[in-house]
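J.: Going down the list, the protein sequences come from chains A and B.
Numbered by the working numbering, the letters in the first sequence go through residues 65 to 479 in order.
Numbered by the working numbering, the letters in the second sequence go through residues 251 to 398 in order.
One should not assume that every hint holds.
[As the list claims (entries may be wrong)] Lysine-lysine pairs mimicking DSSO-like chemistry, simulated, CA-CA at most 30 Å apart:
{"hint": "1", "chain 1": "A", "residue 1": "473", "chain 2": "B", "residue 2": "360"}
{"hint": "2", "chain 1": "A", "residue 1": "475", "chain 2": "B", "residue 2": "360"}
{"hint": "3", "chain 1": "B", "residue 1": "360", "chain 2": "B", "residue 2": "329"}
Everything labelled a hint here was simulated from the structure, so no lab data went into it.
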Amino acid sequence: MTAAASPPTAILDVATIRTDFPILQRSLHGQPLVYLDNAATTQKPQAVIDRLVRYYADENANIHRGVHVLSVEATDAYDAARERVRRFLNAAEAREIVFVRGATEAINVVAATYGRTHVGAGDEVVISEMEHHSNIVPWQMLCEEKGAHLRVIPITDSGELRLDEYERLLTPRTRIVAVTHVSNALGTINPVELLVRVAHDRGIPVVIDGAQAVAHTPVDVQAIGCDFYAFSGHKVFGPTGIGVLYGRAPLLEAMPPYQGGGDMIRSVTFERTMYNDLPYKFEAGTPNIAGVVGLDAALAYVTAVGLDRIASYERDLLAYGTDALSDITGLRLTGTSRHKAGILSFVMDAVHPHDLGTILDQDGIAIRAGHHCCQPLMARLGVPATARASLAFYNTRDEINSLVTSLQKAKAVFA
Amino acid sequence: MSADLQELYQEVILDHNRRPRNFRMLEGGRKAEGFNPLCGDRLTVYLRIAEGVITDISFQGSGCAISKASASLMTESLKGKSVVEAAALFNRFQHMVTASPDSPIDQLGKLTALGGVRQFPIRVKCASLAWHTMRAALDARDEVVSTE
Numbered sequence: 065m066t067a068a069a070s071p072p073t074a075i076l077d078v079a080t081i082r083t084d085f086p087i088l089q090r091s092l093h094g095q096p097l098v099y100l101d102n103a104a105t106t107q108k109p110q111a112v113i114d115r116l117v118r119y120y121a122d123e124n125a126n127i128h129r130g131v132h133v134l135s136v137e138a139t140d141a142y143d144a145a146r147e148r149v150r151r152f153l154n155a156a157e158a159r160e161i162v163f164v165r166g167a168t169e170a171i172n173v174v175a176a177t178y179g180r181t182h183v184g185a186g187d188e189v190v191i192s193e194m195e196h197h198s199n200i201v202p203w204q205m206l207c208e209e210k211g212a213h214l215r216v217i218p219i220t221d222s223g224e225l226r227l228d229e230y231e232r233l234l235t236p237r238t239r240i241v242a243v244t245h246v247s248n249a250l251g252t253i254n255p256v257e258l259l260v261r262v263a264h265d266r267g268i269p270v271v272i273d274g275a276q277a278v279a280h281t282p283v284d285v286q287a288i289g290c291d292f293y294a295f296s297g298h299k300v301f302g303p304t305g306i307g308v309l310y311g312r313a314p315l316l317e318a319m320p321p322y323q324g325g326g327d328m329i330r331s332v333t334f335e336r337t338m339y340n341d342l343p344y345k346f347e348a349g350t351p352n353i354a355g356v357v358g359l360d361a362a363l364a365y366v367t368a369v370g371l372d373r374i375a376s377y378e379r380d381l382l383a384y385g386t387d388a389l390s391d392i393t394g395l396r397l398t399g400t401s402r403h404k405a406g407i408l409s410f411v412m413d414a415v416h417p418h419d420l421g422t423i424l425d426q427d428g429i430a431i432r433a434g435h436h437c438c439q440p441l442m443a444r445l446g447v448p449a450t451a452r453a454s455l456a457f458y459n460t461r462d463e464i465n466s467l468v469t470s471l472q473k474a475k476a477v478f479a
Numbered sequence: 251m252s253a254d255l256q257e258l259y260q261e262v263i264l265d266h267n268r269r270p271r272n273f274r275m276l277e278g279g280r281k282a283e284g285f286n287p288l289c290g291d292r293l294t295v296y297l298r299i300a301e302g303v304i305t306d307i308s309f310q311g312s313g314c315a316i317s318k319a320s321a322s323l324m325t326e327s328l329k330g331k332s333v334v335e336a337a338a339l340f341n342r343f344q345h346m347v348t349a350s351p352d353s354p355i356d357q358l359g360k361l362t363a364l365g366g367v368r369q370f371p372i373r374v375k376c377a378s379l380a381w382h383t384m385r386a387a388l389d390a391r392d393e394v395v396s397t398e
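Excised from the complex, chain A in its bound form (with noise of 0.2 Å):
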């Protein structure tokens, strides 16, 4: 190993923390696994595989409904993890925390609800250039069935958010405001405290899509300022199919349900159901109850290892990777935002994105290449897709090493 190639392991002992995550040991096509998809979804930390088998091998029983000792501790234990992620975000109060399937389920509650209510003919709902197609498409959804419209925020070349046109666009007519903490496929950290201060100005709630962000940065939603916060389980070291929506109380108390069913109710006649108390007005249904517990757990793991040294750590990776993949003679980086994640997106002279996934993978590298779920922003960059290596505070400066030598490979394949 060179002296280039050492870790800063005065920020993080990332030797110990990789062996926490037991598909990294993992070897691919004879070749050690380099895991650079992060953005995609996060490897799982042995806490939390141990936490779902132990929920289903000891625990597993229906909460808010017997008087059993199983189904009491089921309970116990998915207010604890409310109560986790309610600390994890530093919401007010734990009852603003509703667990979901994941952001987009998130953002899709806050339009088909809170959009519904407050959205009708002619009214405006602002997004921006570079968001997910799950920020995208139940905007899109709502301003279509209310004959409302969608306004954009355009994005600078180097990727970041044009502030003037975002306050041009702010009219008496802007309902919400939806835009992303992290972009996904540029790495973007956009200033969502300012956002929400210039919206909040004019009276108008924001939404912040932050699925790229949690597991990256520390957030505080009451410093932010933001009235919904949406993110994945997955992509902070949880399982699948479990997500937050942070709502701030009063606003979820005056929304409709999202959904009808069991658990959302606290009486139901045939003529008439009284809804339950928050959260539970928006968990119809047996939820995710495993899911829950298992993002309980990821969250515990990246609260003990700390966000703020993740922070720092991923910083100074991103910034070794910057300068490595900039070496690279007829490769782009797309999205080089001064505030960014550890997202390099790039683009290559004579080699398809596509044909770049494939040949690193025969080496044991795993990256994205297509469109990222951004098409709009796709076309926005003139690009029909990039290659997306995304980092997570267990990568190392040795597997940037192994990208740089492979992207050397494909440039001389196709040369």
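Fit chain B to the known structure of chain A by using the hints.
T.: Relative to chain A, chain B alone:
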């Protein structure tokens, strides 16, 4: 490079990717557009048919090396073929790229170069996009063909 990769990216594929043949528009014939929503590959196949024979064929678009080379090789192999032969070749090509990786590769002349795709199931759609699009143009279906 591994043997599988070498078979996938053999010289004839790299060459057709670098210098795609019949990469142009054709006015006044049939055309169809193909789209792979998974990766964003998009191409248009143009056909000119006279008395049941493909007298000219070309394509345009953007995509990975496999989809571009496949389209390029397809245009070369179909020019002068009858519509019936083209449809038959479509089936044989599909069989070649989707057959079990352990079976011998069907011999289809130059098109055999794409047989290596069998080792990479995720890339089969890249190879077959041009062919599906050609089928749509043959049938004169005026719609965007999707691999999904």
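J.: Against the earlier hints, flag every one the structure doesn't satisfy and list their numbers going up.
T.: none
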